[in-house]
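Chain by chain, the residues run as shown.
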Amino acid sequence: MLKYLFMRNEDIPPGTAAVFFGFSSIVWFVLGTGLGSFNAAKLAFPDFVTGIEMLSFGHMRQVHVLAVILGWISMAFAMTMMYITPALGNTKLWSEKLGVWNCALWNIGLALGLFLLWIGISSGREYSDLIWPVDLVVIFGVLFPLGLNVWMTIKNRRTQGIYTTNWFFGAAVFMVIVVFLVGNTPEFFNLTGLTEAYLTWWFAHNVLGLWITPVAAAISYYVVPKVTGNPLYSHRIGHLHFWSVVVFYSTPAAHHLMAAPLPEWLKSFASVEGVLILVPAIAFVSNLLLTMTGKWRMFVENIEIKYTITGVLLAIPLNVQGGFQQTRAINWYVHGTGWIVAHAHLALLGFSTFLEAAAVYYGLQVLLKRKIYSLALANFHYWMLLIGFSIYWISMTIAGLIQGAGKIYEVPYIDVVIAEHPYMIARWVGGTLVFIGNIVWLYNMYKTAVAGTPIPAGRLPHELAYER
Amino acid sequence: MAFREYKIGVRMFAFALGSSMIITLYFPSVDMASVQATEYALKRQLAYGRIGGFSYEDPLLKGWGKPVTVTLDKDPVTGKPIEPTEAYVYPPGTPFPSGITHPRILGEGVEDLSVSVGRISEANKENGAVFIIREGEFQGQTVAYIENATATRGWQAQTTLAAVSDDARQYVGSGKIMFVREGCWWCHTLLPEQTQDWQYFGAPPMLGDFNGESPTAFGSDRKAPDLLHVASRNSSREWMKLHFFNPRLVQPHSIMPRYDYLWGEVDAEGNKIDYDRWRAEYDEYVEGKRVYPPEVPEPHPDSEARKLIDFMMFLK
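Keeping their order, the protein sequence lines are chains A and B. Per numbering that gives the first Met the number 0, the very first residue in the first sequence carries number 0; after that it's consecutive. Per numbering that gives the first Met the number 0, the very first residue in the second sequence carries number 0; after that it's consecutive.
For reference, chain A alone in the conformation it holds in the complex (with noise of 0.2 Å):
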């Protein structure tokens, strides 16, 4: 990689930022997912690892939620950007020299960020826990180049028209650097108070909602036709996704605090506008499933449009609970427990990883121009993912149904405990199978890197016989 930096940008190959993105997205996903199983351990099993500070669940949560978000998926995000938005537009990307040292310095900056915050620096703000002045090496050395090179190469683009795809992550990529900025202001300049505590919450709904939600999907936009050779089923139905998703997406990140004694008519106004997400939802997955018409049978035997269309599918109950448990009616049942924490991982393990996971596996045979080296073991994979996420699924959203009982009865905390510790047990058991299934990918990715069967030019990765 180092060689590449310093490189003049005309001779590195295309294709080396995206790649370098890639695998550096999955290496974050072991860790993430990693991290993951070890505070669920803590979990279910409290003296498990005992009396190191820098072991205690308090110190790991945070790492694990900002590494697969910052590391895991807007990697990937970085990696599909680097290699869809040139091709999209029928050109290069604007400089590759900048996508390598973006990529650099993404991995440098975070893993900085993340041991800050292990060993306890952190601006005490959920989602927004990295301390300002990491904040903004996020925001003008990380987001802000990346944008720069998805704006030029849209600009530099050789057809008519943007394609859907691209819409979506040249906003996105926008709409996340004024997200960072202004949800950040409590630490830049010493808000307080309920601001505070509401800005949190509208940095941490408009990461979700204006960026991971809208680049999840716009992903899929582009790897459903590409890969079944069917023209997306209506570019309007896209044209509904976006502008909802700018309209209603954005507005409602009063619906976290629904117990906090925030202004009444905010709260009614977010229960409201979160409801109305239900639009680009159904947009989303109706316009999927439509272009799937006639190739179905490549759900069953396609790798890419396996996890594409369970990532799909994933997004109808996503978008179901996520639009009604936030209205007065169900919130107070459910906030603050178990339900939620199932709800989270449905969005980002569930919905928003099956799509990045196939964009990553179908953009790094396309840019090795090799075939990936085992497909039993990307279906391994699959499964692990599937398997452990609806285990882990499953059991904390009975946890948060139990939860949510206790809490409305007022019974005594510990028996609530008491009660949710098989499911705590079973929670470590998915969390550690999807670990296990990326420790598989990362050797499978691995291994098509140097031994997967090169693909001719002019040829899509599944259009070869499986040789293996």
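Derived DSS-like pairs (lysine-lysine); straight-line CA-CA distance at most 27 Å:
1) B:K6 with A:K91
2) A:K294 with A:K305
3) A:K154 with B:K6
4) B:K271 with B:K288
5) B:K42 with B:K124
6) B:K73 with B:K124
Cβ-to-Cβ under 7 Å is the rule here; a few derived chain A residues that face chain B:
7) E52
8) G123
9) G192
10) V245
11) A252
12) P260
13) W331
14) G335
15) E409
16) I417
These are computed hints drawn from the structure, not numbers from a lab. Note that the structure is predicted; figures quoted are calculated from it, not measured. Idealized CB from N, CA, C, for every residue including glycine.
With chain A fixed as given, assemble chain B onto it according to the hints.
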């Protein structure tokens, strides 16, 4: 070739995102900025100090640059007995909370009384200050306000600290740093919910209860009891001591981690704490080879454990 420039789309996007931000950021901040601070909000910001997370004065989250809460039963200058009064002592160099530096955030009435009667704008960081909370009349309404006792009564920070014994000092601000750094708030919320929780966890907070506090650390995932009013339910420092050292000494089913490392190297008498021996003896107790668990060491007055317990005792 003339490409499509998406002029309409770009303007629509700016309009949509801009309107969204006006509704979700500008309107709420105007609304929340006009809230009047309650007595509870004044107490909290004075006890916690400027910032409860990473800051210039405390970059490593060790609890540096935080005020000391003391309970006075006599005037520190004249020595005359007074009603027991909670005073917030800012030794020289300790940064003030937002309510002192930007009184506007205290809201109508509280700001007026704190500035005119309480003389908080005369407080000086370099010299330190002592603050107390008083009640006064503003337009026929009783409101709590901050009084700068250094200006009004001549209570200097060092004299006030020297006038009380260590037992009467509470390191609440430093303790909140421990609470944030150790991630207590990942499991313990600081937000009894409005729809239930009244009986078990106490009254939910109100709109003006947070002015001047940062971070509020509400917590989002309640894996353990809410702590906003914990000291009202359990005010035993002894219980807290056992529970922090090893929660399973007092609650066998607890899944809370042990925080014995907050005791540091030595106990209250200055003897070195032998953690290996303690753990080995505790394991024997768990296996039934001992009748009683080993004795939990008394935390040193300067230890982080003591500060965290001080913070717990403040959450009433």
